[in-house]
Each structure stands twice: as structure tokens, then as C-alpha cells.
Amino acid sequence: IHLSDDAMQAEVEIQKPKKGAAEPDYADIIEALHDAGVYYGIDEQRIKDVLKRRLWNSRFIAAQGTRAVLGRGYRISYLFNRNRGKPYLEMDFGRINLKELNFIENKKSGDLLAELIPPVKAVDGRKVTGEIIPAETDRELVELHGGANTRLSEDRRRLYAECDGNVRIQDGRILVEPRITVKNVNYETGNIRFDGSVVVEGSIADGFIVEAGGTIQVANGVGRATLKAGGNILLKTGINGNGEGSIRCGGDLFAKYVESCSVRCGNNVLVEEAIMHSDIQITGHCILNGRRSEVLASKLLVGGSFWCKKLGNVYETPTTVHIGVQPELLTAYREAAGSLVQKQEEWDKTEYQLEQVVKLIQDGRQDSKILQV
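The C-terminal position of the sequence shown is numbered 376 in our numbering, with every residue numbered one higher than the one before it.
Just so you know, not all the hints are guaranteed correct.
Quick list of in silico lysine to any residue cross-link-like pairs, SDA-like style, CA-CA up to 20 Å [unchecked claim]: (1) 21 with 43; (2) 302 with 358; (3) 259 with 227; (4) 51 with 14; (5) 21 with 11; (6) 111 with 234; (7) 21 with 80; (8) 259 with 205; (9) 231 with 182; (10) 346 with 309; (11) 111 with 80; (12) 259 with 309; (13) 259 with 280; (14) 259 with 229; (15) 231 with 269; (16) 19 with 59; (17) 51 with 72; (18) 111 with 81; (19) 352 with 341; (20) 111 with 60; (21) 302 with 279; (22) 111 with 161; (23) 19 with 54; (24) 346 with 358.
To be clear, the hints were calculated from the coordinates, so they are not data collected in a lab.
Go ahead and model the full structure; you've got the sequences and the hints to work with.
The following block contains the structure:
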């Protein structure tokens, strides 16, 4: 009999009987356990199975104690990630993406944010020797504390969101913010994807993405970044995308300047100084109302009206502006026209081949290659 140091487990090893000796039976094993002081948690079925299969000279667990269960009061189960800003996003083949940090966690109005888990009753444990292990009880009192835009249930055991937004903990309280404010968008925050509005007090680093269901407001300049908003986008300075910057917004776009950027705007574009080297499609109006108010080396497709002081430059790439046509209609027309031209070319080619085959047949010759075509 082998008894563990903490007396929580007892192992038995049955030696192979000598030649002519009787094999031990179940009563012999139980007697040996009792002699060793083992009285609790004896696995009778396991002992019988070992004897039946004659598993001599090998240890097996014959008795197992019971651990004490810690008694606990109500505990909080958080239904959102409290540890934001994971160092990186793990991808396939061991690669990492340092731009995805889980900085935002969106919740909808009515979503359950946290709840109290029922208490756990303390249960004493017991060693295989029969000794009782007294269970301890955690006396800590836990309550749910709701912050802004949250609602507690009547029994104060569940906390719900009262609006769409980002859920987080501040000063021990759970809150939902319909608008988030960050100093900068860079490797400290990662890409921002939020159902509400986003305010960037500083700048957005090159290569990063900011997506918002509401509005986006940026205090400093924007470079090779991607901005997508369901509402308005306000750039207090402007954007120089170096051919890689992109703006998509469902509302209005306000900017001091737009340079080397692709813009798709669902409403109006109001630029103070200049639009340069950009591809812009606007459903509404496009107005430049600053001191310069010029458009250079750009392609504009404006569904409404267009106003500026200076359009194009003889020393620059040509500037083209289409006014009064909805961008999606003109785009669809151009795609349909291009498809029609392609189909017509295929038709003409097929018709020519058919004429050649007919001519060969009339001449009494059949060219297998042409016929296969």
C-alpha cells in the first residue's frame, strides 16, 4: 500500500503469487488497506477488476480522497473582454498583426454586459484516512455597479446596455460609451472599428484603419490611412494619402485639403483650400470656399453642383469634372457599356469564324482546326 504525502490518494501494488500459492482475493486487499489506515474513498470496482484481470506487479489507485469546496458568495461574470489591447493578433503560420489589438468591443442596446453567479456552498473534504478537511468560505461581498448608459435589473443581478457603443470598466463601474476618444491611432491602439463615433485628438499613423458607424473627427493631418464612416468625416487639417489614402463616408466630408486620395462620399464634400491628384465621387454637392479654392490634376464625379475658384492647370495632369450625374448611375452605365463592347467583339469574332467555316464547306474542304473553333 502506497499512501500519498497529503493522504488524498492510496495506491495498491499486488505482487504475483508464488508458485503453488493462492491468489489474493478482495477481502485481502480491503484488509491490507485498513491496516494501512485507509478507510475512505475505496474504489471497490477497480480492485475487483484488477484481481479479475490478474494485473500483478503494477500500481493502481485504489482509494481517492475528496477535496474541500471553497464556499463563495455572489461572483461577477463579465460578458465582455476586460483585458483590452492584446499585444498582437495571431495569424496563420506564426505570423502576427500588430495593428489588431481588440481595443474596441461593440455592444448593442439591450445586450447583457455582466451578471452575478449564484453562491457556492462550502463543502468539507475528506482524506482517504477518513480525516475531515474543513472547507473555507470567502466572505467577500460583490455587487454590480453600472455606469453611464447601463441598466440594472430589478433584482440587481444583471446589467444591460442602454445604448449602442463600446463597453469598458472605469473606476470599478461598467459603462457604455456611444463615442470613443483616443489620442492617436497607432500601434498603441491598433485599428479602430466602432459602431458609434470616433474622435482622434492627434493623428492617424500610416497604414491604419478607422471605421465608425457614426462620425469620425481627426484633429491633425491624415496620411496613408483608411477612413470609413456611416456618418460625417471631419478632418480639421486634411489628408495626403500618397496614392494609398482612402475615405468612405455616408454623410458629409469636411477637410482643409484633399491630396492623392480616393474619396467616395454619400452626401456633400466641403473643402477649404484644394483638391489635388485625387479620385473623388460625390453623391451631393462639392464646394471649395477657401482662399485658394482650386482643383488640380483630379477626377471628380459630382451628383449635385460644383463650385471652386480655379479648375485645372496647364502644367499639371488633366483635370476632369462630371457634374449633375449620380456616381453610381454613371459607374453602372460605364460598366454596362464596357461589357456591351466586349460582347460585341466576341459576337463579331464568332460570326467571322462561322463565315469561314461555311465558305470551306462550300468549297468542299473541311479544316478540322477551324471546325473545332
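Mind listing which of the numbered hints don't hold for this structure, in increasing order?
1, 2, 5, 7, 10, 17 and 20
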